[in-house]
Amino acid sequence: MLLTFGGAELLAIYNSFDYEYDIEGADPVAQIPTVKVVLDRFDSYFAPRTNELIDRYRFRSCKQYYDETTAS
Numbered sequence: 076m077l078l079t080f081g082g083a084e085l086l087a088i089y090n091s092f093d094y095e096y097d098i099e100g101a102d103p104v105a106q107i108p109t110v111k112v113v114l115d116r117f118d119s120y121f122a123p124r125t126n127e128l129i130d131r132y133r134f135r136s137c138k139q140y141y142d143e144t145t146a147s
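According to the working numbering, the sequence shown is numbered sequentially starting from 76.
Rather than coming from a laboratory, the hints here were simulated on the basis of the structure.
Relax, there's no trap hidden among the hints.
Each pair of labels, with its calculated beta carbon distance range:
no. : residue 1 : residue 2 : range
1   : V113      : R133      : 29 to 37 Å
2   : A146      : I88       : 39 to 47 Å
3   : A146      : F92       : 40 to 48 Å
4   : D142      : G81       : 46 to 54 Å
5   : R124      : A87       : 16 to 24 Å
6   : T145      : A122      : 27 to 35 Å
7   : F134      : N90       : 37 to 45 Å
8   : Q139      : L78       : 49 to 57 Å
9   : R131      : Y94       : 31 to 39 Å
10  : L78       : A122      : 17 to 25 Å
Since this is a predicted model, take the numbers as computed values, not measurements.
Note that beta-carbon positions come from the ideal geometry of N, C-alpha and C, so glycine has one too.
Please model the complete structure; the sequences and the hints are all you need to start from.
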């Protein structure tokens, strides 16, 4: 139901996930990912990532004002 309401873009993201299973020769139904596994994959996919280039720029462009100490 989540994929239905999410639309084509969410379905494309879901299809890009790679699920590895340790069960060889098992029933295909036993290899369907659980809801918890799918939601964990979506959480990690949509988690904010840090951009090191932007962070480096912000750090190097900081200026110390006359009333600031180096401890602040």
